[in-house]
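Trainee: Chains as they are written, first to last, in my numbering: chain S, 45 to 431; chain R, 29 to 414.
Hints were generated in silico from the structure; no laboratory data involved. Glycine is no exception: its CB is placed at the ideal position from the N, C-alpha and C atoms. Treat the hints with care, since some could be wrong.
[As the list claims (entries may be wrong)] Among chain S residues calculated to face chain R with C-beta under 10 Å, some are: (1) S167; (2) A190; (3) I353; (4) F367.
Below are the chains, spelled out letter by letter.
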Amino acid sequence: MSLAWTIARKDLRQRLRDRSAIVLGFVAPLVIAGLMSFAFQGTEHFHFNLLVVDQDHGPVGAALMRGLSAAPIRDVLTVRSSTTDAAAAAVHARHAGAALVIPPNFSREAENGDSVSLRVLTSVDQELDGQVAQSIASSFAAQINADRLSVETALHSGAPAATTGTLVAKAEQLRLPEQVATESIGKHPLTAISYYAPGMAIFFVLFAVGFGSRSFFTERREGTLDRMTAAPISPIAILAGKALSVFVFATLSLATMAVVSSAVFGASWGPTPEAALICIAMALSVVSLTALVITLAHTERQAESMASIFVFGLALLGGNFVFVSAAPPVMRRLALLTPNGWALRGFTDLATSSGAGAAIEPIVAILGITLVLGAVAASLARRTVVQ
Amino acid sequence: MNVVAMAGVALRRLLRDRRALFFMLVLPVVVIIVIGATVSGFDKFRVGVVDNGRGSLAQGLMSEIQRSRGLEVSRYPDEAAMRVALRRSEVSAGIVIPADFDARLRTGASTAIPVLAEQANQAAQGAQTAIAAVIDQHATDVQAASFTASVTKTSFDIALRRAQQAGTSGGRVTATQQVVDSKSVVLPSGFSYSAPTMLVLFVFINSLALGATTIDNRRLGVYARALAAPIHARSIVIGEVAIAFALAVVQSAIIVTIGAAVFGVSWGSPPAAAALVVAWALVGAGAGMLTGTLFHTPQQASAIGAPLGIALGMLGGCMWPLALVGPTMRTIGHLTPQAWAVDAWTDLLSRGGSLADILQPLAILIAFAIALLTVAVTRLRHILVP
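With the hints as constraints, model all of the structure from the sequences given.
Mentor: Here it is, written out as structure tokens:
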């Protein structure tokens with residue numbers, strides 16, 4: 045063990061002197077997490093200005109304004125009156141998120157049962173504001189339609205035509221009997237920084253596969269590996285030393301990223317013990333990937349190529365670049381064939397407070413993948429070292 | 029002639045380099061396939077439903093939700109399972125049809141239908157709008173049936189059937205969206221957004237990665253040997269620029285072709301798209317060559333290249349639309365060529381723009397390319413003829 049640790053310490057010293065490794069393992073993920081944090085600063089709270097253009101000046105407009113000043117809607121928007129041109133210009137210039145236009149004679153035509161339309165002015169760059177405004181207008185239109193349909197159906201079902209006025213007055217008091225009750229999905233929704241901070245940390249830690257495997261072939265080329273095998277050091281101790289250095293480097297890189305992105309950028313990695321265990325499992329999978337590349341490649345150059353292919357292939361499949369949860373089920377299943385896909389699943393669950401047991405499945409899965417990769421590498425390891 | 033020979037040498041060396049081949053040919057294909065598979069079906073909102081209701085009204089609502097063209101519905105056995113899917117964003121919103129849904133509505137009482145979603149999320153808001161539209165439609169008929177049953181002697185079920193029949197005829201009040209600054213309703217979402225932004229992101233990253241080849245050529249003395257022959261330094265420099273540019277064009281062509289052929293991406297006006305691809309390839313060639321002259325080892329180039337490419341891509345709107353970020357970040361983003369390329373693609377794909385509409389971003393991209401190529405060529409010439 046002490047021999048392995050000596051080899052690991054020597055490798056780590058070399059690694060930490062290599063500026064490329066420092067950049068990829070520590071600087072790059074932090075810079076990118078910082079960029080993400082700044083990019084999304086101030087976008088977590090949703091509120092916008094809604095302009096209302098009342099060209100109707102009838103009871104419908106008044107009812108709409110009353111609805112807009114009700115408690116739940118009031119929290120997300122500030123309502124102001126405007127004219128059509130001013131409203132369109134304000135939406136275009138992003139001074140307002142959207143505008144509602146009640147056209148002339150809207151109240152009269154609505155009462156007569158004609159087809160009429162509320163207009164929602166939106167901007168391509170303010171999609172969310174437009175959707176909320178559209179939702180408000182559609183709900184308002186649905187209530188008018190329901191009242192009209194109620195009177196119409198009652199008349200068709202035998203209510204005397206003479207009572208139409210009374211029926212209309214009664215129907216106007218009705219509220220749609222099915223109301224959407226929006227509920228938050230929890231106190232901890234998944235934020236962009238909480239997904240991409242682990243995502244980028246894991247992506248860059250995968251580059252350790254390249255460093256680890258390259259250093260092995262460099263040593264073989266320069267003869268240090270031969271000298272080690274000539275000494276009373278078992279091949280297993282040499283591999284253990286190499287593995288240990290990759291493991292320590294990967295763990296340090298992930299831990300640094302977790303601590304700094306949480307403290308400085310407000311990323312949530314979940315409870316410390318569970319997050320730490322996922323990081324350790326991920327670091328172990330990096331070790332087995334490195335071992336696999338070493339056993340599969342024959343030269344430094346081949347190792348480098350294979351490592352690049354593994355890094356980008358795993359990152360793309362596992363969801364480090366694309367938000368894989370939003371992908372179709374087949375892509376989600378493919379992501380769970382990768383250790384980084386499982387790690388991201390684990391961090392997503394931990395960040396959204398899924399409970400203490402949320403980390404167990406990902407950790408077991410990552411360790412399972414690690415063992416399989418490790419077993420393949422181990423069966424070839426002796427041959428490679430002795431070669 | 030020497031230029032062609034030098035470009036040929038560079039190409040042959042590249043074709044023998046599996047790593048370079050991977051970056052050049054395989055990665056763009058993998059990227060486009062992964063992105064294609066990930067974001068396909070984005071024209072629908074993914075929603076989850078837990079149907080606790082027992083009765084024809086709950087059944088009716090469920091089938092209306094499933095029939096809705098804007099929704100892709102996944103059913104969950106209970107709320108806990110759906111909350112897990114929501115937390116992971118596998119669905120954007122979740123509907124819970126209550127157990128007493130029928131009982132309450134039939135007695136004339138109203139019922140609240142819980143819709144679970146994250147409130148400040150764009151997809152979740154969109155999904156809620158689509159869900160509300162379906163529920164409102166269902167509620168319209170139920171209100172009419174309930175009202176009719178209360179003012180006439182008609183039973184609820186008969187009144188409901190009449191309301192459903194009457195609902196399809198007659199005038200209706202609607203809400204129509206009118207976009208003030210574009211022909212299309214929204215920015216292209218899903219694949220139409222991802223395909224061009226990933227082209228911008230990965231062609232740039234690949235170009236930076238290929239800068240390692242220039243470093244190898246310097247270290248292995250390829251340039252020194254070429255200069256010992258009757259070949260002018262200018263020929264070497266032009267050959268290198270030509271090959272870097274050609275490779276960026278080939279990569280873009282692969283992404284464009286597969287995107288169009290396999291995933292049905294429309295790349296907008298062909299001359300405008302071609303001009304944009306060429307301008308972006310020039311930017312990539314300039315950046316890649318600059319990397320090749322700035323760093324001393326291929327390891328340094330790859331250590332800096334990937335993070336730099338990703339960081340610039342993030343700033344420039346390749347990972348998320350710049351419309352989502354604050355005004356300061358948008359301004360900073362436009363210091364990168366990526367932002368101008370994404371702006372131009374947005375003009376082409378979202379607003380049906382032509383070559384004339386993207387002249388400004390094109391000019392800025394070409395200015396970036398000229399600046400990068402000038403510095404790179406000057407440095408390379410200095411390296412060749414100290």
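Trainee: Decide, hint by hint, whether the structure agrees.
Mentor: Structure-based check of each hint:
1. S167: Since the shortest Cβ distance to chain R is 5 Å, the answer is holds.
2. A190: holds (4 Å)
3. I353: Since the shortest Cβ distance to chain R is 5 Å, the answer is holds.
4. F367: holds (7 Å)
Comparing the model with each earlier hint shows no violations; every hint is respected.
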